[in-house]
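Residues 1 to 276 (our numbering) are what the sequence shown spells out, left to right.
Among these hints, one or two may not hold up.
Stated by the list, open to error - Taking lysine to aspartate or glutamate and the EDC-like style, the derived pairs with C-alpha atoms no more than 16 Å apart in a straight line are: (1) Lys275 with Asp129; (2) Lys184 with Asp166; (3) Lys188 with Asp221; (4) Lys142 with Asp129; (5) Lys216 with Asp96; (6) Lys124 with Glu143; (7) Lys234 with Asp221; (8) Lys186 with Asp166; (9) Lys211 with Asp96.
Just so you know, these hints were derived from the structure itself, not from any lab.
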Amino acid sequence: MARQGTVSRVKIVWMAETPPYQAPTGSKVRRRVLALAAVLVVVAAGATVLAWPRSTAGHPRAVPTYTPLPPSTSAPAPSPTPTPTPTPTKPAVPHDVVKPAGPVSFHFTGPSVNITATVCGMAKVFPLDPPGEQHHTVCWVKEGFGVAPGSHSATTYVLGHAWGQDDHEVLNQLSSRAMVDVLKAKPKYISGIRTYPVTDLNHDTLTLRTKNGTLKYTVADAYAVSKSQAGYVKPLMDTTIANRIVLITCGELDHRDYDYNIIVEAYLTSSIAAKA
Numbered sequence: 001m002a003r004q005g006t007v008s009r010v011k012i013v014w015m016a017e018t019p020p021y022q023a024p025t026g027s028k029v030r031r032r033v034l035a036l037a038a039v040l041v042v043v044a045a046g047a048t049v050l051a052w053p054r055s056t057a058g059h060p061r062a063v064p065t066y067t068p069l070p071p072s073t074s075a076p077a078p079s080p081t082p083t084p085t086p087t088p089t090k091p092a093v094p095h096d097v098v099k100p101a102g103p104v105s106f107h108f109t110g111p112s113v114n115i116t117a118t119v120c121g122m123a124k125v126f127p128l129d130p131p132g133e134q135h136h137t138v139c140w141v142k143e144g145f146g147v148a149p150g151s152h153s154a155t156t157y158v159l160g161h162a163w164g165q166d167d168h169e170v171l172n173q174l175s176s177r178a179m180v181d182v183l184k185a186k187p188k189y190i191s192g193i194r195t196y197p198v199t200d201l202n203h204d205t206l207t208l209r210t211k212n213g214t215l216k217y218t219v220a221d222a223y224a225v226s227k228s229q230a231g232y233v234k235p236l237m238d239t240t241i242a243n244r245i246v247l248i249t250c251g252e253l254d255h256r257d258y259d260y261n262i263i264v265e266a267y268l269t270s271s272i273a274a275k276a
């Protein structure tokens, strides 16, 4: 979406050599997205009722005095093995067959993030720049770079904007949370490219709804990478990885933009087919 004023866009620079690392710098110019995304156990207490006998003194049918027998030399009878209390099993995770289709809604949730958005389709035009309304919309690449999500699909790429100059950009909440980790992380090299691990988003969930059903993914990895180097990260660019969503946005924190892409990889953990 065009904005008033001069806006420069970040272009993909496919470089043969990795430039020397430079400390992140802020930018007042909007950075566009680079091309590429208690089980409750109830224990029954064994209640033993002790019945104290009534007194039989003076009663015509008094119980005779009890005389103990001599100790037995035989081995005592074994104590019965207590029956363990069964533990309820967790309900099975649904894995219905959901045919591939373009997503229409997006929900990303975790302890520090809660984002709901609609989803539009976008063409594979580099640099990838999600079009349309940018406060409540993310986009998926319809063809040529990834596939439509389903219960037996390969990788789907989803992109959304984050921008330090606008608090309401759709993925600002996720981006700023990630950048807190990035700015204190030690570099990790993937395919020889310097990246910065993000751990705060691990185990968060990403849910996509399509006309064919609901697909739930769990975040397994996230990191930041220089925009000019992202295209050289081989796992990121591998469109054949099964049941994966790659979510891509820009780095932003405290109204400051960084020359990073934030990459989030999530894998399918449940699929529920739409009711006929």
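A quick look at each hint next to the structure:
| no. | hint | verdict |
| --- | --- | --- |
| 1 | Lys275 with Asp129 | violated (34 Å) |
| 2 | Lys184 with Asp166 | violated (24 Å) |
| 3 | Lys188 with Asp221 | holds (12 Å) |
| 4 | Lys142 with Asp129 | holds (13 Å) |
| 5 | Lys216 with Asp96 | holds (12 Å) |
| 6 | Lys124 with Glu143 | holds (7 Å) |
| 7 | Lys234 with Asp221 | holds (15 Å) |
| 8 | Lys186 with Asp166 | violated (29 Å) |
| 9 | Lys211 with Asp96 | holds (14 Å) |
Of the numbered hints given earlier, the model fails hints 1, 2 and 8; all others are met.
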